[in-house]
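Visitor: Residue strings, one per chain:
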Amino acid sequence: AQSVTQLDSQVPVFEEAPVELRCNYSSSVSVYLFWYVQYPNQGLQLLLKYLSGSTLVKGINGFEAEFNKSQTSFHLRKPSVHISDTAEYFCAASGTGNQFYFGTGTSLTVIP
Amino acid sequence: GAGVSQSPSNKVTEKGKDVELRCDPISGHTALYWYRQSLGQGLEFLIYFQGNSAPDKSGLPSDRFSAERTGESVSTLTIQRTQQEDSAVYLCASSLTPGTSGRGNIQYFGAGTRLSVL
Chain A
1 AQSVTQLDSQ VPVFEEAPVE LRCNYSSSVS VYLFWYVQYP NQGLQLLLKY
51 LSGSTLVKGI NGFEAEFNKS QTSFHLRKPS VHISDTAEYF CAASGTGNQF
101 YFGTGTSLTV IP
Chain B
113 GAGVSQSPSN KVTEKGKDVE LRCDPISGHT ALYWYRQSLG QGLEFLIYFQ
163 GNSAPDKSGL PSDRFSAERT GESVSTLTIQ RTQQEDSAVY LCASSLTPGT
213 SGRGNIQYFG AGTRLSVL
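Going down the list, the sequences are from chains A and B.
With our numbering, the residue at position 84 of the first sequence is 84, and numbering never jumps.
With positions in the second sequence counted from 1, the corresponding number in our numbering is that position plus 112.
Please keep in mind that the hints were generated in silico from the structure rather than gathered at the bench.
Hints are not guaranteed to be accurate.
[As the list claims (entries may be wrong)] Away from chain B, derived, C-beta distances all over 10 Å, residues of chain A: (1) D8; (2) F14; (3) A17; (4) S26; (5) G59; (6) E64; (7) R77.
[Claimed, not checked] From the structure, some residues in chain A lie toward chain B, with a derived Cβ separation under 8 Å: (8) G43; (9) L44; (10) L51.
[To be verified] Simulated coverage check for chain B against chain A, where a stretch passes if three residues somewhere in it have a Cβ under 8 Å from a Cβ of chain A: (11) 126 to 133; (12) 160 to 172.
By construction, the Cβ of each residue, glycine as well, lies at the ideal position given by its N, Cα and C atoms.
My request is simple: use the sequences and hints to build the entire structure.
Guide: Following this line, the structure appears as structure tokens:
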């Protein structure tokens with residue numbers, strides 16, 4: 001079975017500090033990995049994706065993530081956060097079929 | 113359209129009434145998903161449509177929930193005899209056909225319908 005674990009439910013961080021949101025997945029088959037961001041009262045917006053190729057993927061708003069197959073991780077990072085990054089972040093994984101697995105989300109709060 | 117459109121954005125109803133939620137997917141997207149997001153929770157898969165194939169209904173929580181989609185067009189999610197525990201945000205997503213390239217596995221979400229059952 002495939003599942004996604006987001007290790008931190010809440011992450012407070014000061015403005016302009018770096019941040020890492022952790023995500024681990026379990027799967028024995030080919031996998032596609034995603035990070036979505038959800039701002040208050042909005043739907044989910046794709047932040048970045050890993051489909052194949054380079055294990056370091058860059059997304060919108062200065063975020064990046066690294067696919068680590070040996071550690072089955074796909075942690076999201078940003079070197080310097082802004083107040084506007086305050087949101088809920090969801091890690092997700094998919095195989096080649098229609099099954100799509102979401103983590104429970106990490107609430108990022110950027111403190112001025 | 114440019115993105116996934118859901119209506120209404122907010123719906124308040126009384127316990128026991130039926131509600132219908134609508135989703136307009138991105139044009140050309142063959143796959144459509146419905147999810148439920150309860151307050152402070154992650155996403156709960158409800159149902160998946162792929163073209164004209166039989167839908168995957170494995171996530172529907174009870175027989176009060178049903179959904180329809182004609183071809184690759186609009187989908188409606190119907191909740192009959194609503195209960196207070198049905199209060200949540202209902203999200204719709206669409207994608208190209210999921211497969212081995214990965215691009216069909218990228219889901220694009222609507223803004224959701226916030227359902228409140230009084």
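Visitor: Next, verify each hint and record whether it holds.
Guide: Outcome of the hint check:
no.	hint	result
1	D8	holds, 14 Å
2	F14	holds, 24 Å
3	A17	holds, 25 Å
4	S26	holds, 16 Å
5	G59	holds, 12 Å
6	E64	holds, 18 Å
7	R77	holds, 21 Å
8	G43	holds, 4 Å
9	L44	holds, 4 Å
10	L51	holds, 3 Å
11	126 to 133	violated (count 0)
12	160 to 172	holds (count 3)
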